[in-house]
Amino acid sequence: MSRTEPQDIETPINIYEEQEESRQSPLDKERDGFLPIQTNWFDRVFISVIIWVALSLFWLRFLEPAGLSLNFSHAIAVLLGVYIVWKG
Amino acid sequence: MRRQRTWLYLLFWIVVSFLTLFPIYWLFVISVKPAVELFSTPEIILSSVYWKNYVDVIYDETLRGYMVNSLIISTGNAFLVTTLGFLACYALSRFNLGGKESIFFWTITNRMAPPAVFLLPLFLLLTQVYRIGDFTLLDTKIGMILVYCTFNLPFAIWTLRPTIDGIPKEPRRGGLRRRGERLDGDHRDRPAAGAAGPRRDADPHLGLRLERVSARRDADQLQRPHADDRPVRIRHDDRHRMGRDGGDLDVHPDPGADRLQPGSAPHRRRPDLRRRERMMR
Amino acid sequence: MQSNRLGWILLAPTLVILFFFGVVPFLYVLWLSFHQWNPFALDPTIVYNGADNFRALVFDSGFLSSLGVTIAFVFFAVLSELIIGYLLAQAFLKEFPGKAFFRTIHTLPLIMAPIIVGSIWKLMTTPSIGIIPSLLDSWFGFDLNIGTSAVAAFTVTVVMDVWHWTPLVTLTLIAALVSLPADPFEQAQIDGANKRQIFWHITLPMIAPALLATVFIRLMDALRTVDEVLMLTGGGPGSATRYLGVHIFKEVFPKTNYGYGSAVSIIVLYLTIVSCWLLYVALIAPRNKKA
Chain Z
1 MSRTEPQDIE TPINIYEEQE ESRQSPLDKE RDGFLPIQTN WFDRVFISVI
51 IWVALSLFWL RFLEPAGLSL NFSHAIAVLL GVYIVWKG
Chain H
1 MRRQRTWLYL LFWIVVSFLT LFPIYWLFVI SVKPAVELFS TPEIILSSVY
51 WKNYVDVIYD ETLRGYMVNS LIISTGNAFL VTTLGFLACY ALSRFNLGGK
101 ESIFFWTITN RMAPPAVFLL PLFLLLTQVY RIGDFTLLDT KIGMILVYCT
151 FNLPFAIWTL RPTIDGIPKE PRRGGLRRRG ERLDGDHRDR PAAGAAGPRR
201 DADPHLGLRL ERVSARRDAD QLQRPHADDR PVRIRHDDRH RMGRDGGDLD
251 VHPDPGADRL QPGSAPHRRR PDLRRRERMM R
Chain G
1 MQSNRLGWIL LAPTLVILFF FGVVPFLYVL WLSFHQWNPF ALDPTIVYNG
51 ADNFRALVFD SGFLSSLGVT IAFVFFAVLS ELIIGYLLAQ AFLKEFPGKA
101 FFRTIHTLPL IMAPIIVGSI WKLMTTPSIG IIPSLLDSWF GFDLNIGTSA
151 VAAFTVTVVM DVWHWTPLVT LTLIAALVSL PADPFEQAQI DGANKRQIFW
201 HITLPMIAPA LLATVFIRLM DALRTVDEVL MLTGGGPGSA TRYLGVHIFK
251 EVFPKTNYGY GSAVSIIVLY LTIVSCWLLY VALIAPRNKK A
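Residue numbers (our numbering), protein chains in the order written: chain Z, 1 to 88; chain H, 1 to 281; chain G, 1 to 291.
It should be emphasised that the hints constitute simulated quantities derived from the structure, not laboratory data.
Virtual Cβ for every residue (Gly too), placed ideally from N, Cα, C.
Keep in mind that the hints are not guaranteed to be accurate.
Said to hold, decoys possible - DEER-style ranges, computed between Cβ atoms:
(1) Z/67 / G/12: 15 to 25 angstroms
(2) H/63 / G/236: 24 to 34 angstroms
(3) G/83 / H/165: 43 to 53 angstroms
(4) Z/72 / G/180: 44 to 54 angstroms
(5) G/135 / H/123: 24 to 34 angstroms
(6) H/86 / Z/63: 29 to 39 angstroms
(7) H/50 / G/202: 47 to 57 angstroms
(8) H/134 / Z/72: 48 to 58 angstroms
(9) G/68 / H/3: 18 to 28 angstroms
(10) H/96 / G/40: 48 to 58 angstroms
(11) G/178 / Z/72: 51 to 61 angstroms
(12) G/12 / H/32: 45 to 55 angstroms
Extracted from the complex, chain Z is given alone in its bound form:
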């Protein structure tokens, strides 16, 4: 059935708000993390993976020749990832 109400036609719809709402999964309702943007759990896992790769590459180039094993970088990345997913 079509339903169009007069006040509906005149009220602007905030598309961005709707988009952002549709991105939220029921798993996480209103969150308040430290990241500057609104994220769902997938976004935070994604950010963690990106940071992990970047850190590993950086480590390979600059810190591993200095004698620090790559495993340190993995450990740091995992800790950081857990923190981001949990609190972000």
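Dock chains H and G against chain Z, hints included.
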């Protein structure tokens, strides 16, 4: 003044078109030159035309085979991509699928892959993994079409989706509508229940005939309130139990919405529609 | 919930195709990037070698220089395409005779295959055959030689990319600009906003989604350009136009070093995803910043 501007635009576009067309023109110029003349000083204006190159191409059996291959693969791919892309966009735009924005972003990541290295895994997969009995996708046109889909489907989805999002989900003012169908807020004098007169059930066309409603009449009907105006009964009115925004109406944000009295302001009945206030905040 | 099932059914074929031809090969390449594999070497078996491919990668000067030129190429190409595309789209909004005709002409480059575009530009710019070097020489006395000058080769690849892909930007932006409602513009004019304010505060935010989609497509295509550049300059002179795609192509096929090639493409993929994602966040996120 206005006339002069039109001429300016025309001039501008002629220059731009010239820039656009020049490389194509140059391709043609080279194509009608014999191989010996290629290395003489280049001339913009074509002085003599040498058609033999074209004749050679047309009479070349192998090339003709290649052309047919290209034709089949590209039309097949275009057809498949358009169909699937449209279906996918429709689903993404009209249904409330969980995590659909993530899926939307994921589709485009498929296009980001550098093709050079993916040739090898695709080759191995097509020859060894994706096989049913003796049938493999290797060296078949359908295999090529499917591989191209990987790169072209995301593109189709990303360019089609804004368009489909832009098509209104329901008839608004004016346009075609099932005969006898009313938009809510349609306050034409309607016969009271049980009264004699044409009823919708009695419609000989079973409500399937479309009538054109002029925007003017429509707006007029929408504006006049009527004594019959009841509060919006969300649960029972909506056949698909889906609201305008695709949300499930069983979880209406205001459980008391049903109980409001007739005559109360519309935005009190559907607090979820009070977007303007939320935006101001 | 029935209607949602229909939605999934409509989406299913796309997801299946993308899974089998997009995700599975990706996982395979990812797996391969941690292995040493050269099928035509003395030892053609696949050997796990940990992060050795990546270790070699970050010290490979060829890779690093190609990364640099790729970023420069993408920056110049995409930026000029956006600016020119926007101006042309604005010009198409005006009324003038023969608009449809000019629009058709303007779209012609889009329908050409990249390899053909590459060969056209090669025919136009190769010093002895091409028309452009000969004209530049006779008109301005400027010697354009893409075989020897790194700057010239780089510029020609950028110009070629702009010629090929600006129509795409124009078309998308025309569609976006045409569908804009008139009210906000009228209101802004009544409020006395000037052209620049209208552009920054109304036009740009309203066409942002379309702009974003276009930039995404252009960015990722520019990052993986191969055939055009390979055809035009072959990555030369030296490594001036050896973009990442070309680098992979030259590294993998002649040397059949698949493990290393996989590692390079994983990095390219990573860069593409990160830059697109950053762009997405930068353009969309400021609107829903948490209070």
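Results of checking the hints against the structure:
1. For residue 67 of chain Z and residue 12 of chain G, the hinted distance range of 15 to 25 angstroms is not satisfied, since their beta carbons lie about 52 angstroms from each other.
2. For the hinted restraint 24 to 34 angstroms between residue 63 of chain H and residue 236 of chain G, the CB-CB distance of approximately 30 angstroms keeps it satisfied.
3. The supplied range of 43 to 53 angstroms is broken by residue 83 of chain G and residue 165 of chain H, whose beta-carbon atoms lie about 27 angstroms from each other.
4. In this structure, residue 72 of chain Z and residue 180 of chain G meet the distance hint of 44 to 54 angstroms, their C-beta atoms being roughly 53 angstroms apart.
5. Here the CB-CB span from residue 135 of chain G to residue 123 of chain H is close to 44 angstroms, at odds with the stated 24 to 34 angstroms.
6. A C-beta distance of roughly 50 angstroms is found between residue 86 of chain H and residue 63 of chain Z, which places it outside the suggested range of 29 to 39 angstroms.
7. At about 56 angstroms, the beta-carbon gap between residue 50 of chain H and residue 202 of chain G stays in the expected band of 47 to 57 angstroms.
8. The hinted range of 48 to 58 angstroms is satisfied by residue 134 of chain H and residue 72 of chain Z, whose Cβ atoms lie roughly 52 angstroms apart.
9. Taking the beta carbon of each, residue 68 of chain G and residue 3 of chain H are about 51 angstroms apart, not inside 18 to 28 angstroms as hinted.
10. For residue 96 of chain H paired with residue 40 of chain G, a C-beta distance near 52 angstroms keeps the hint of 48 to 58 angstroms intact.
11. With their beta carbons about 55 angstroms apart, residue 178 of chain G and residue 72 of chain Z fall inside the hinted range of 51 to 61 angstroms.
12. Distance hint for residue 12 of chain G and residue 32 of chain H: a CB-CB separation of about 50 angstroms, consistent with the stated range 45 to 55 angstroms.
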